[in-house]
Amino acid sequence: MLMYVFAFFAALLGSVLLCGAMQKHHRQLWPNSRLTGAKKWSMTISGYLMLALSIALCAAVTNFGVGLAAFFGIVSATIFGLAVYLSFATK
Amino acid sequence: MNDSFRKSMTWLHTWAGLVFCWILYFMFVTGTVGYFDNEIDRWMKPEVPVETNISIDDSVRVAENYLRREAPDADRWVITPAQWRETPHLRIFWQGKTTEETTENAAEESAEDAEPVNGNEILDINTGEPMDQSVRDTGGGQTLYRMHYILHYLDRDIAYRLVGVITMLMLVGIITGVVIHRKIFSDFFTFRRQKGPRAWLDMHNLMSISSLPFQLMITYSGLIFMVTVWMPGIAVGSYGFDLQKADEGLHMLVNEEHVERSGEPGNLVSLQNIVEKLSSRDDFENVRNFEVFQPGDTNAKIVVNVSKDLSSDGATQLVFDGMTGELIHDRPFVKNNAVGVAFIMISLHEGLFAGPFVRWLYFFSGLLGTGMIATGAIYWTQKRKVKIAETGPDRGYQFVESLNIGTIVGLMTALAAYFWANRLLPLGMEGRADWEVHCMFIIWGLCLLHPVFRPKLNAWMEQCWVASLAFLAIPIVNLLTTDAHLFNSLPEGDWVLAGFDIVAIATGIGFAIAALLLKNRLPKTQIVKGALQQAHAQGS
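Residue numbers (the working numbering), protein chains in the order written: chain A, 1 to 91; chain B, 1 to 540.
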């Protein structure tokens, strides 16, 4: 169970990083920050790495098959939650 | 991409999505709720005692004693230990001679020998005797879950075919949706809630894309589920029109034991010995059930089905000699890779392998799918709203809007009515379980009628209030009629019962918020109404 919680936060962080690597969302998340090319790439790569970490953590709970099913559920929740947060909590 | 192609895909997406979307919504609501079918069963049968922490050892011992006493000459026993979510109680089943054989041999047998043929019991682990579950006749979560593919009142064959067509349209909707979404990646996290009809489209897109893997899986696996019903040509192509031959062919794809009697009575090895042998295996905890073929004969065989990974219904099959207890086979259940893939798809669809956390994720993904259908149907009307304000309302538009209100909110009220009926219908009532369902559909029918006679925005708001009250009152009705209420379940840490009431409260609050939001929008309706009246006046 604890592993799933870690996987959830890894996926959430990955989603935030991938979202932040997009120009329009970067301004929503960090209004005072400018998205440079280097920042965009580092956020994209680290975002995907966090998602990969989330898959690994999910797989570690039981096995890869069940882990992958859990990961897709987790990532649905993080993407949906993040998009709703962006809409309600930012300009 | 070619614009005309995208336009035709948009047309296909719109109409493939809309035509049966209300039935699809019903399938999604009942299917999503079905991920907690056993938990709903528990809430709807509060008088049935809960048995926890029962070892496989104890389950097998109690079941074996009962079966040796009550059905020693049966052809087959099945023992399902009480350890899984879907088998909270020790369940046994036995199968005797077929009715036909019994009738043929009736003259030679005494009346006592002829009875009983088959049996199916839930055993009390403490007394070793059948448990009385008849206090409250209810359809429970199982009836609710089955509705998503049998559509309840329809004939099975018609329902399966209709569900097949709708599922195929859903698959078309998903694929065309991906094709027509120009900015699928850049709009990944986009929800512009202030932008009128665009907000509904954004929410529709967000719900679809965030849960796209789930939607694809659930739709495709839904089609796989009854592929031979929906595509009978596959079986006919291989086996001709001989249904029995096709059925035999299907059985050849999996490992099944067919044990004939030798005619010589034999002493079945103690099942405790088998459990002892299994206990040294890594997958001992994954044992699903025990099957004993011809238990009183020298040819007796014992089959143990063990789950593995996603395959919760038994991926590994262990076959033991019934006389010596010697392991004869340790083999996978399926013989054919294609069937193996189909079984994995079915397992993914049912989600029986899922523990509590993954089960909640399944439930959440199901809610996203439900929301995707609802927002799609609402967007259809929102997009046409401005045009309608100019040209005047047409019947098609009003029909869709009424169905939207009566289904999207009304079905939820009907669902609450199903739970109310479980608590309020007299316990001794004849056909009680059926009437629970009748109550649900009567309320749904009323909810479908209501928007026909009311201004649409008022109807949305009123139905949201009714749904809110219906759900918020569930824990109160529960408190007044049973002991399984929050004041008992919370202190006892009974999260299945408490969780049900808490979800009901959360749903009620959700609908109350929706009703308040709609109330704030009511003045704007007057403006639209005014515009409509003006347009009519100009037209005439």
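Careful: at least some of the hints might be erroneous.
Derived DSS-like pairs (lysine-lysine); straight-line CA-CA distance at most 27 Å [as the list claims (entries may be wrong)]: (1) LYS456(B) / LYS387(B); (2) LYS195(B) / LYS24(A); (3) LYS24(A) / LYS301(B); (4) LYS245(B) / LYS277(B); (5) LYS39(A) / LYS183(B); (6) LYS383(B) / LYS195(B); (7) LYS40(A) / LYS183(B); (8) LYS24(A) / LYS40(A); (9) LYS301(B) / LYS277(B); (10) LYS24(A) / LYS39(A); (11) LYS456(B) / LYS24(A); (12) LYS195(B) / LYS7(B); (13) LYS385(B) / LYS7(B); (14) LYS245(B) / LYS335(B); (15) LYS195(B) / LYS335(B).
Since the hints were derived computationally from the structure, they do not count as laboratory data.
Problem - Proposed proximity, LYS277(B) with LYS301(B) (alpha carbon, max 27 Å) - result: With a Cα-Cα distance of about 15 Å, the restraint between LYS301(B) and LYS277(B) holds, given a limit of 27 Å.
Practice task
Starting from LYS385(B), check that the Cα of LYS7(B) is at most 27 Å away, please.
Solution key: holds, 21 Å
Exercise for the section: Would you mind confirming whether the straight-line C-alpha gap from LYS456(B) to LYS387(B) stays at or under 27 Å? Expected result: Holds - the C-alpha atoms of LYS387(B) and LYS456(B) are around 16 Å apart, at most 27 Å.
Practice task
For the pair we were handed, LYS24(A) and LYS301(B), check the Cα-Cα distance against 27 Å.
Solution key: Judged against 27 Å, a Cα distance of about 67 Å means the pair is violated.
Practice task
Take a quick look at whether LYS195(B) and LYS24(A) sit within 27 Å of each other, Cα to Cα.
Solution key: holds, 17 Å
Handout entry: Proposed proximity, LYS39(A) with LYS24(A) (alpha carbon, max 27 Å)
Key = Judged against 27 Å, a Cα distance of about 14 Å means the pair holds.
Exercise for the section: Decide if the proposed pair is consistent with the structure: LYS245(B) and LYS335(B), CA atoms, cutoff 27 Å inclusive. Expected result: holds, 18 Å
Practice task
Verify the proposed pairing of LYS24(A) with LYS40(A), using a straight-line Cα cut of 27 Å.
Solution key: holds, 12 Å
Handout entry: Holds or violated: LYS456(B) to LYS24(A), with C-alpha atoms at most 27 Å apart
Key = Measuring from Cα to Cα gives roughly 36 Å; hence the hint is violated.
Handout entry: 27 Å limit on alpha-carbon distance, applied to hinted pair LYS245(B) and LYS277(B)
Key = Roughly 38 Å between the alpha carbons, so the hint for LYS245(B) and LYS277(B) is violated.
Handout entry: Restraint status (C-alpha distance of LYS39(A) to LYS183(B) at most 27 Å)
Key = holds, 22 Å
Exercise for the section: Assess, step by step, whether the Cα of LYS195(B) is no farther than 27 Å from the Cα of LYS335(B), and give holds or violated. Expected result: Since the Cα atoms of LYS195(B) and LYS335(B) sit roughly 55 Å apart, the hinted pair is violated (cutoff 27 Å).
In terms of the numbered hints stated before, the structure departs from hints 3, 4, 11, 15, listed from lowest to highest.
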